[in-house]
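Residue-level listing of the chains:
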Amino acid sequence: MPVRFILFAPLMVFVAITILLWSALEREPGKLPSALIGKAFPEFSLTKLSSQNQYLSFSDLSGAMVLVNVWATWCYACKLEHPYLQKLASSGVKIIGINYKDNRKAAIAWLEKLGDPYLVTIFDKDGSLGLDLGVYGAPETYLIDAQGIILHRRVGVLDQKVWEREFSQYYADSGE
Amino acid sequence: MMNELLSPELGHIALIIGSCLAVFQGVLPLAGSYTGRVRWMQMGRSLACGNLFFIFLAFLCLSNAFLSDDFTVRYVAQNSNTLLPIYFKFSAVWSAHEGSLLLWVLILSIWTAAVALLSNGLPLQFLSRTLAILGLISVGFGFFLLFTSNPFERTFPLPPIDGQDLNPLLQDIALILHPPLLYLGYVGLAVPFAFAISALLESRIDSAWANWSRPWTLASWCFLTVGIFLGSWWAYYELGWGGWWFWDPVENASLMPWLVSTALIHSLIAAEQRGVFRSWTVLLAIFAFSLSLLGTFLVRSGVLTSVHAFASDPERGMYILLFLSIVIGSSLTLFAIRGPVLMSASSYSGSSRETFLLINNLILTVAVAVVLLGTMYPLISDAFGLGKISVGPPYFNFFFVPLTFILLMFIPLAMRSSWGHVSVKILSSWLIQPFLLSFVVGLIGSSMLAHWVGETQNSFSALVTLMCVSWVFMMIFVDVKEKLKLSTFTKLPVRYYGMVLAHLGVAVTVLGAGLYASSGIQKDVKMGVGDYAYLGGHEFYFSDIKHDRMSNFLFTRAEIIVSREGREIVTLKPEKRLYFSSPQTMTEAAIDGGLLRDIYISLGEPLDNNYWAIRLHVKPFVRCIWLGGAMISLGGLLAVLDKRYRRRKIIKRDLENLSAQSVPEM
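Quick mapping for you: the protein sequence lines, in order, are chains A and B.
So the first sequence is numbered by our numbering: it starts at 1 and just counts up by one.
So the second sequence is numbered by our numbering: it starts at 1 and just counts up by one.
Hints listed in this document are in silico derivations from the structure and should not be mistaken for laboratory results.
Ideal Cβ positions, reconstructed from N, Cα and C, are used throughout, including at glycine.
A portion of the hints provided could be inaccurate.
[What the hints assert, rightly or not] Derived pair list, reagent style SDA-like, types lysine to any residue, alpha-carbon separation capped at 20 Å: (1) Lys-113/A x Gly-604/B; (2) Lys-87/A x Leu-20/A; (3) Lys-79/A x Phe-580/B; (4) Lys-125/A x Asp-248/B; (5) Lys-125/A x Asp-524/B; (6) Lys-113/A x Glu-575/B; (7) Lys-523/B x Asn-53/A.
[To be verified] Short derived list, chain B residues pointing at chain A, Cβ under 7 Å: (8) Glu-315; (9) Gly-317; (10) Leu-321; (11) Ser-325; (12) Ile-328; (13) Leu-332; (14) Thr-333; (15) Ala-336; (16) Gly-339; (17) Leu-379; (18) Ala-383; (19) Thr-585; (20) Leu-607.
Given the sequences, and given the hints that come with them, work out the whole structure.
Pasting the structure below:
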């Protein structure tokens, strides 16, 4: 009967939505790192945090091995991570920031108060670059080689232990 | 003494007992209703009250931990601080995941107990099944709390001396009230849902069922309305960006149940009065609650990143998704199986109140689909391998704005039409003359506005807004006049005034939002002391800037004198604050508000040579957005208070009498 069939339509729609949500949950944190490793950092064109008029793009990142750190003022863990980033920066590691879904003024004040370990910070207000990267929260840190290929991804706070376990080998290999 | 008595451990135990009672409440009355055991069915009520008692006790214990700065409790340490004023300590209880979920469960218990105590007129079998369904929902959330997000967990071995503080953005009076009100609305939709399910179980979807559901649906819809408008008000004056709605996933999560429950309120009327749209109404009742659950999932699972999603965790997401699929999946299956019984027999013509209510429902449903699609788009595009793409306000506005205007045009038509049939001649008499009149009003209004603002950005949309809104006003005004001719002011039922007020409120909100978009202007300027700026016929003079400190923050305050045509209007003092407990700088906008216009100034960052970036806004009629919201909620409240819902027995009405002359049903 066609009428009976129509009555099942809402259920079918719901099943489709559930599968979608379920796959979205599966995709979160587990799979994304491996999907991105070995691929190029996504293209983007966003303003510098410190200036509304200056645009940054992919080419500003490549050229040397860099850490790309996703942070925001609303993120408590970023505040915990911050001193270690400062330390890394002072020891010569190049770090680029992505200020993720944040308020420009608040972010600038944050860096003024806590210090600025970043060579430059990309202002990703709408999270568009974050979406391309598959960022699911802050902080996150990516290691990118001179050709702009993503070598490693760390979700969560980067500290001394994590650095030694996951990142330092790349710097040893490249002789930096 | 109080402090020691209401310990976190007691709260934990109370939560466990409450959840166990909910298990009994979910099983016994339901089993009783199928085996004919009256005792078991009657137990639903006392179990519901017992559940409320223990959940409330658990909530008291958590509040007590916050008020007494018990930082051995991890959740308290993460969200409170000794310096916080006492009312913020209390509101910090629901400022993050665990506590807000406990509030969710508490509010569900309150609604359940209210159903148990206020529904004397319901048949026992129907009531017991309703309470059982509410009990099962409570079990789902109670276990969620206990197993994945226990708020009573202690920190061992070293508790912090002081807490981490509440996000300064959330330290606001509107934020004390916003979540509980929103939850009252969200969770309240569980009641019409439970009614719909137990009606499906009995295969009785009749006018009596619609009559029972209406006050509960209306009540939760009122709370939802107040909650949403309060949230938007907070965003307007606290975030300092001058906007009032951002199409954030979390905002959308509250908008969707609101749209569906608005449709539900209207289709329940048709189902009660005319016996039409019955299967549709049941489906809406299921959808409304499903979208509340979906909203909880989206916010809590972190699948969509948002400013609001401070606590996201895939494991929690998985639990909610599982719960969601059991609840919604089984309801929709039941609907599909029992559906054929619901086919309606009543007939109505193509131009009648039924048709107009159907159109209202269709528009609202399309609007929900648009919002749902937009909110989930990052997930959909990701699933199809297109990468995560979010659609922004342009997408939502493109679809939502025209839909709103179409919906607005149908409001007075549905209000004034009679059930069954209304002749085309009558319809055209409503349309032509008032339309011409409203066109004139629109032209005059928009040109006056353009003159006042000096530079109207979009005079076409200002014209359309003013035209539609004035047409709705005229039509409603004529309707009230005609009704008063046939009756007296006191004889018309309260629900009629509720209906008029709520629909006028919709028009007022559209007026505010439409003129905000079309005629509101803003400008970013660089100013130093002694500088002038001009916007919308106003002159802004930067007279002074001061730096000082308060007990828990440092602030910089500018003084800007606003004048128009040489007359000084007001001195506004926008601030920037730096809280000691957080690195975040807060922008406190200064607003000179009024019904006709807001002047809104936010202080930006300092530039070189003592210059400051300053954002100026002149927003005509922006307050109408929230004035309309207040009218909508008050209208809903009047409708809930109508005495017909307090009658114990439903009086059979003669459907034939419901012609154009009789008092319309809301």
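Verification of the supplied hints:
{"no.": "1", "hint": "Lys-113/A x Gly-604/B", "in the structure": "holds (17 Å)"}
{"no.": "2", "hint": "Lys-87/A x Leu-20/A", "in the structure": "violated (42 Å)"}
{"no.": "3", "hint": "Lys-79/A x Phe-580/B", "in the structure": "holds (14 Å)"}
{"no.": "4", "hint": "Lys-125/A x Asp-248/B", "in the structure": "holds (13 Å)"}
{"no.": "5", "hint": "Lys-125/A x Asp-524/B", "in the structure": "holds (18 Å)"}
{"no.": "6", "hint": "Lys-113/A x Glu-575/B", "in the structure": "holds (18 Å)"}
{"no.": "7", "hint": "Lys-523/B x Asn-53/A", "in the structure": "holds (16 Å)"}
{"no.": "8", "hint": "Glu-315", "in the structure": "violated (9 Å)"}
{"no.": "9", "hint": "Gly-317", "in the structure": "holds (5 Å)"}
{"no.": "10", "hint": "Leu-321", "in the structure": "holds (6 Å)"}
{"no.": "11", "hint": "Ser-325", "in the structure": "holds (5 Å)"}
{"no.": "12", "hint": "Ile-328", "in the structure": "holds (6 Å)"}
{"no.": "13", "hint": "Leu-332", "in the structure": "holds (4 Å)"}
{"no.": "14", "hint": "Thr-333", "in the structure": "holds (6 Å)"}
{"no.": "15", "hint": "Ala-336", "in the structure": "holds (4 Å)"}
{"no.": "16", "hint": "Gly-339", "in the structure": "holds (4 Å)"}
{"no.": "17", "hint": "Leu-379", "in the structure": "holds (4 Å)"}
{"no.": "18", "hint": "Ala-383", "in the structure": "holds (6 Å)"}
{"no.": "19", "hint": "Thr-585", "in the structure": "holds (4 Å)"}
{"no.": "20", "hint": "Leu-607", "in the structure": "violated (11 Å)"}
The earlier numbered hints that this structure contradicts are 2, 8, 20.
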